[in-house]
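Trainee: Relying on the hints, combine the two individually framed chains into one complex.
Residue numbers (the working numbering), protein chains in the order written: chain A, 164 to 635; chain B, 1328 to 1750.
These are computed hints drawn from the structure, not numbers from a lab.
Bear in mind the structure is a predicted one, so any value in this text is a computation, not a measurement.
Positions of the beta carbon are idealized from the N, C-alpha and C atoms, including for glycine.
Listed below are the simulated SDA-like cross-link pairs for lysine to any residue, each with C-alpha atoms no more than 25 Å apart in a straight line:
{"id": "1", "chain 1": "B", "residue 1": "Lys1340", "chain 2": "A", "residue 2": "His525"}
{"id": "2", "chain 1": "B", "residue 1": "Lys1383", "chain 2": "A", "residue 2": "Met202"}
{"id": "3", "chain 1": "A", "residue 1": "Lys522", "chain 2": "A", "residue 2": "Lys558"}
{"id": "4", "chain 1": "B", "residue 1": "Lys1691", "chain 2": "A", "residue 2": "Arg255"}
{"id": "5", "chain 1": "B", "residue 1": "Lys1633", "chain 2": "B", "residue 2": "Val1666"}
Pulled from the structure, derived: some chain A residues nowhere near chain B, Cβ distances all over 12 Å:
{"id": "6", "residue": "Ile170"}
{"id": "7", "residue": "Leu356"}
{"id": "8", "residue": "Ala434"}
{"id": "9", "residue": "Lys509"}
{"id": "10", "residue": "Phe607"}
Part of the chain B face toward chain A, derived, beta carbon under 7 Å:
{"id": "11", "residue": "Lys1340"}
{"id": "12", "residue": "Leu1370"}
{"id": "13", "residue": "Ser1373"}
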Amino acid sequence: MIQQSFIKELTGIVGRDNILSSRKDLLAYSYDSTSRQEMPEVIVFPRSTAEVSGVIKAAHRDKVPVIARGAGTNLSGGTIPDRGGIILELSRMNRILDIDTANHRAVVQPGVVNLDLQNALAPFGFVFPPDPASQEMSTLGGNVGENAGGPHCLKHGVTSKYVYGMEVVLSDGEVINVGGSVEDNPGYDLRGLLIGSEGTLGIATRLTLHIIPKPETSRTLLVIFETLENASQTVSDIIGAGIIPGAMELIDKTTCWAIEQGISAGYPTDAEAVLLIELEGLQDSLDRQVRDISEICQKNKVRELRIAKTSAEQAALWQGRRGAFGAIARICPQYIVMDGTVPRNKMVPTIHRVDEIAKKYHLTIALVAHAGDGNIHPLILFDTGNPEEIVSARKAGDEICELCSSMGGTITGEHGVGLEKLHAMFTQFSSADLSAMRRVKEVFDPEGILNPGKLLPPEEDESLHETKEVAG
Amino acid sequence: MPLSEEIAIALRKCNRCGFCQAGCPIYKVTGVEWETARGRIELVRSALLDHNLELKDIDDPVFHCLTCNNCVEHCPAGIQTADIIFGAREEIRRRQGNSWIQKMLFRKLLPNPSLLHSASRLLRLADVTGLRSAARKTGLTRLIGDAGKAEAIVPPAPSSEGLAAIARQVKKIENPKHKVAYFVGCHAANLSPAVAAATIRILHKHRVDVVVPEFVCCGLPAAGYGDADSARELARKNIDTARALDVEAIVTPCGSCSSYLKEYGKLFADENEWPEKAADFAGKVKDLSEFLVDIGLNTEMSTVRKKVTYHDPCHLAHFQKIREQPRTIIKNIPGVEFVEMAESNMCCGAAGSYAFNHYDLSMKVLERKMDNLAKTSADILVTNCPGCVMQLAYGAKKHGLPTRTTELVELLDLAYHTGDDEP
Chain A
164 MIQQSFIKEL TGIVGRDNIL SSRKDLLAYS YDSTSRQEMP EVIVFPRSTA EVSGVIKAAH
224 RDKVPVIARG AGTNLSGGTI PDRGGIILEL SRMNRILDID TANHRAVVQP GVVNLDLQNA
284 LAPFGFVFPP DPASQEMSTL GGNVGENAGG PHCLKHGVTS KYVYGMEVVL SDGEVINVGG
344 SVEDNPGYDL RGLLIGSEGT LGIATRLTLH IIPKPETSRT LLVIFETLEN ASQTVSDIIG
404 AGIIPGAMEL IDKTTCWAIE QGISAGYPTD AEAVLLIELE GLQDSLDRQV RDISEICQKN
464 KVRELRIAKT SAEQAALWQG RRGAFGAIAR ICPQYIVMDG TVPRNKMVPT IHRVDEIAKK
524 YHLTIALVAH AGDGNIHPLI LFDTGNPEEI VSARKAGDEI CELCSSMGGT ITGEHGVGLE
584 KLHAMFTQFS SADLSAMRRV KEVFDPEGIL NPGKLLPPEE DESLHETKEV AG
Chain B
1328 MPLSEEIAIA LRKCNRCGFC QAGCPIYKVT GVEWETARGR IELVRSALLD HNLELKDIDD
1388 PVFHCLTCNN CVEHCPAGIQ TADIIFGARE EIRRRQGNSW IQKMLFRKLL PNPSLLHSAS
1448 RLLRLADVTG LRSAARKTGL TRLIGDAGKA EAIVPPAPSS EGLAAIARQV KKIENPKHKV
1508 AYFVGCHAAN LSPAVAAATI RILHKHRVDV VVPEFVCCGL PAAGYGDADS ARELARKNID
1568 TARALDVEAI VTPCGSCSSY LKEYGKLFAD ENEWPEKAAD FAGKVKDLSE FLVDIGLNTE
1628 MSTVRKKVTY HDPCHLAHFQ KIREQPRTII KNIPGVEFVE MAESNMCCGA AGSYAFNHYD
1688 LSMKVLERKM DNLAKTSADI LVTNCPGCVM QLAYGAKKHG LPTRTTELVE LLDLAYHTGD
1748 DEP
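So that you can see chain B by itself, here it is in the shape it has in the complex (with noise of 0.2 Å):
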């Protein structure tokens, strides 16, 4: 499928007033033109549009993007770059073809949960057996460039056992006042099994009863890479998963996850019934923090005495417009010091698979969010994305802040159960 009409007409809509210069944290750690949407689009629309500009010409400008969408905030026209850089890099995909390892992720591991399930068992492996210290000491990852570089972002693998053990920790609830469906994601299934139980027991806390059914990836990753064909087969399996559901929403604590899944509705542009069945199933689709404000937020807490933070996922704040939900999650909670930090909506570097693509810009950027950071001297700094988790954490880490990441679900269920204790 070419450029789509759509995104032509966004490119020809920038009028080069420059105000996205304001929301870029690439052009603020640049400086360079093409690193700020304005460039970006005038330069995609000369390679694709006007043909005076050759396709790898625009290879970093449209690579380089976090697709953070901070910009369409500072916008006066409300172009929608992500948009425009997700088109950019599917046609470039469509020229050149994907390699094979993309290939393999998101046409074979991505659809197929107990697969992607084995192959995060192999990171576990490395951990137990010391392959993944081996390799580092070795030097084997500076081998592989910027993905050996960002290697130490992803913190150990725990022992998981997949989606069949997450749904074994649902309960049957008497007198439910809600029924929805758990998108748990590849993240909290392979990765942090942890966040997947504290979710079920927050939703269980709120007499909502909870299915967990076999859903694949959102899409996302494979999107943002410009693989949008696979993207739309793993929408269309979640699509048909749901429609077998007899629940009022679909609810996620990952914030790319519930971006994503709310745009199905924009994929499927002339597919016969698709649309249709699409725009259905994202007008299902909730953050948890926004379904928790919605159906009333149970108040009944122990006292968590910390200063605590917020870091914005964009997906959240930038695609959803959800802002005020975590911070009144957190504010409600007892004993809790909310402390703003400057900037909270501006991105960490996480991206997505950017620090490994992109390690230096990606520490750049976190090196920003880092500062801001430090002057809040929050003991916790509380965010809804499992790609910030991981980020943000290694940010304090590398950077030698106190403050403790942690997932919004983590918090809250340490306020409905232990309080103060660490978890």
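If we strip away everything but chain A, and leave its shape as in the complex, we get (with noise of 0.2 Å):
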């Protein structure tokens, strides 16, 4: 429990019009997209790496826990204030402080809204590629948290490809920097380590980012197959061959379904899978590509493969992929992402026995997968009036987490561990694995008041798990 003359102190250090504590305004901040809940005990809004400091200070001598917080729209309960405490929310520091295109860089403050800067850099004919289905609001700071990915990560790569650099304030207050504003940096790579971590380590209060340069042209193709074996034969087929589109999407019956319902976006309803394809480079190249798909589509008995013709239709089969969450959400609002990620080889037998995971449990489970990188993003669907279904859904989600474990796979490609998958650690790691990282977390945060809980389960838990065997 935080006193009055703590919450006084941090009114001292960001100012009156920067903190908020009475209890609307703790409800308001007591949830992220997932479907949890936790009150925390103050809100505080620093505007600077010194106010981001100050508070720290002050939280880590009361040993208060903190937990960092851009558009709180993660999908793994990260920012959920389960041990109450501070939300340090930094959406007032959205500043973008440089672009600077002849070295490719783009200086932020963590607040900046993803899509904001894309915004920004347009004019330029530069993109930042993480592209997370979240962009229009979720911040650079989260995506660097969580290590956001996004349909055009299979070409570019997720965020942690992106930042050369941080300023980072550490647990006691402590300004540091990371990396730098090239691509190797000598010592250790802690800009690597803290990348993804969740706010578990530090917090960012300014990112040097990795911008590139706009593609010439870019190409939408739509493939429709009767068989998910097909879809995903071609995926690999694809890019066995050397191939690596801008983005490759395998979207299923139900989504592809969902979609139409909404928006007329030009998807078959009644194929089994379909795949949005993005090629993107220079104009000459782009036809030598599509021959090349074409051919492959045939020898794995494509029913039709139709290219956009116009930057219309290109638009429109855009906008029912990135709609298609919200097409499920008209039909059941209610739904859990998961992220699971397996070799691309092993995706049919994953989604079938996801399948079988749906049929158990009584579930809709849609699949909207970043087939490229063989991240299956599962939606499962379930009513929130209906406690047992709430049970089901989380349940079918950790047979899912462990599924693409077992498949030689990642519980979370993208979205990151938070509370939702903490007990999944278990089955991607060894206890030998864990503790390494536990060790780091000591290090950095001594008293453990940096997102607590959050990304590593709790040791004594272990016993409860079959954890992995040691690699040998």
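Mentor: Encoded structure:
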């Protein structure tokens, strides 16, 4: 329990207009985009690194939990204040400090919304490749904290590839710089360690990001298959042939149907699976790629291959894909988005097993996969009014995590661990693996104040789980 | 009437994805979670359904909402935020009661056009006698808080003789192609008679026979405040007035009026014949831009050599999905160079009487709009809602922009008559 005097001290640091603590305020910061909810004790909106440092110093002295938060749109329970404490809301540190196209760099504060950066880069002909579905509202600090992905990460890679350096406030309030402004830096790669650490090791207050020129042109293909196997084999064959599309998404029948209920994007409603492929690059290279892909599709018994003829057709297809979760939400507003990822050649057996899990729990599970990455992205639909179904949905989610891990993949490809996949960590890692991570946490945050209880499952729960065998 | 079942269901439908943040003008300027639909819904649900928050705690979350419905455009589940907010306001008013000034406005003035007109004459009187500027100089306006700060948004009142005078401008049309009732609206009737005159001239230009019935306020201001009973009473009067008319459509150039008139069908849940009568009425309502494009825009126009941009009023863009028609009209005017403004469909912060209750928030929202306007370097900013016009004109002046703000009908009227000359 934090005292009134502590709130007064924080008020002194950030000013009266940048702190909230009434009951309604606490309630509004008690959730994220999962169905979890726990009350924080105070919310502060720092506007500078010095203010972040000041808040952390006070929290460190009094051992108060600090949860860094951007837009609060994560899908892992990562910003749920389940031990109370301070919500460190970074939405007011939202300035783009520099755009340096000559050196392919942008310097931003962590509260800048991903799309706001994209919009600022557009006039220069540049993009920041990570494009999570939440890019309209999620912040770059959050993207870095979760090591976010997105459809176009197939070709370009996830967020960790696009962070040159960071200014970070440590758990005792000290401010350090990690990485730099070029690809490689001497010493330990602390930058790599901190990206995706979900606010458990430090708080980034300034990001030096890698931006790239927008591809000269792009082509969008919609490929329709009668079976999941054929669609999936096509994905493997395309990558196997050395073609790396900008994005390659697999959408199942349920999702296609849902999309077409809302908007007419041009998806078939009777095919088992479709692939949405975006090729990008130089004009001349794309014709050949289209030819090669077309041959691969024929070999895999494609029903139809459509190439978007106009930019309007292209936009409609992508609008349908980006609105897929939304389309599902119209049918069933409550769902758990999983992001288990498996090796591409294991996608078919994994998807079949997911189907079995859905049948076992009498649930509908829709798929909107980043297929090129093997991220199967299942959406488990459930009804919040039905407590049994909530339990079933969570159990199904756990089983899918275990499944992906046992297929040689990972429990989370881009959303992070947070609270949602805490126990699935035991299936992913051995106790020695986890112990090494715990030691890192102890070095960075000996008092355990930074987003405590997230990412690392409690050691004492280990006996409840069959941990992975120590790698031999 | 307690919170309706429909609203209770909508409150439970939010899955907290947070996509609404991308469309919320107030969230964009405050960054506070309960200033976006997700937060407002969470708190309203807590207070009204789960009873773990006091009613007074949701006052700010509920009344800070612009009810612009831009969030709905981003909401995967299609949750109608404005309906929820109006419902919550109604519930708050039901438990707390209305203030005398609101009762006076919604129950006495708005249902009675001539009384309302007399009241608006007081503003004119204050202008001509110098009372308003005296009040500003002496600091009297500052004493009444936000309303005092916002007082300058309302331009000097023109001389106006109300609905009757507007009706007198209607001419007999030989071989009319269409027949409509013109819903003038409180603002045009009392504060902008020039807009009403232009509307009638434009309709005549399309060989449309016009009648100007004695409609009362559409009811939106009352509903927005949370006085749904008054809104329904006004709706009943308008529906009855329309039943006596033999017209194919009820048109208005005011985006807010057309939007709310189209919602009449939703107002009467289970009151005998009213739902059906209301739906009939709502089915006839057309925004003027929508009507003109439907019947075929008359393109015999003079040249207007100006750079023009357009601001989408929320009640047209988000409530009626009318975005293309006003642009089609503008682009059809010879000589016009149309330039699109960034975030053109983002609320300007006028939102009815919002600026009068939440001046500072409204001004922050307006500032963002003015930044976007400045980047267009347009000569003329066109929109079609009197609230937006007042707010945007005030903003341009406040921010020192040379852009002139005008109603769509005024620009079109200019094109039909004199062309390039300043109106």
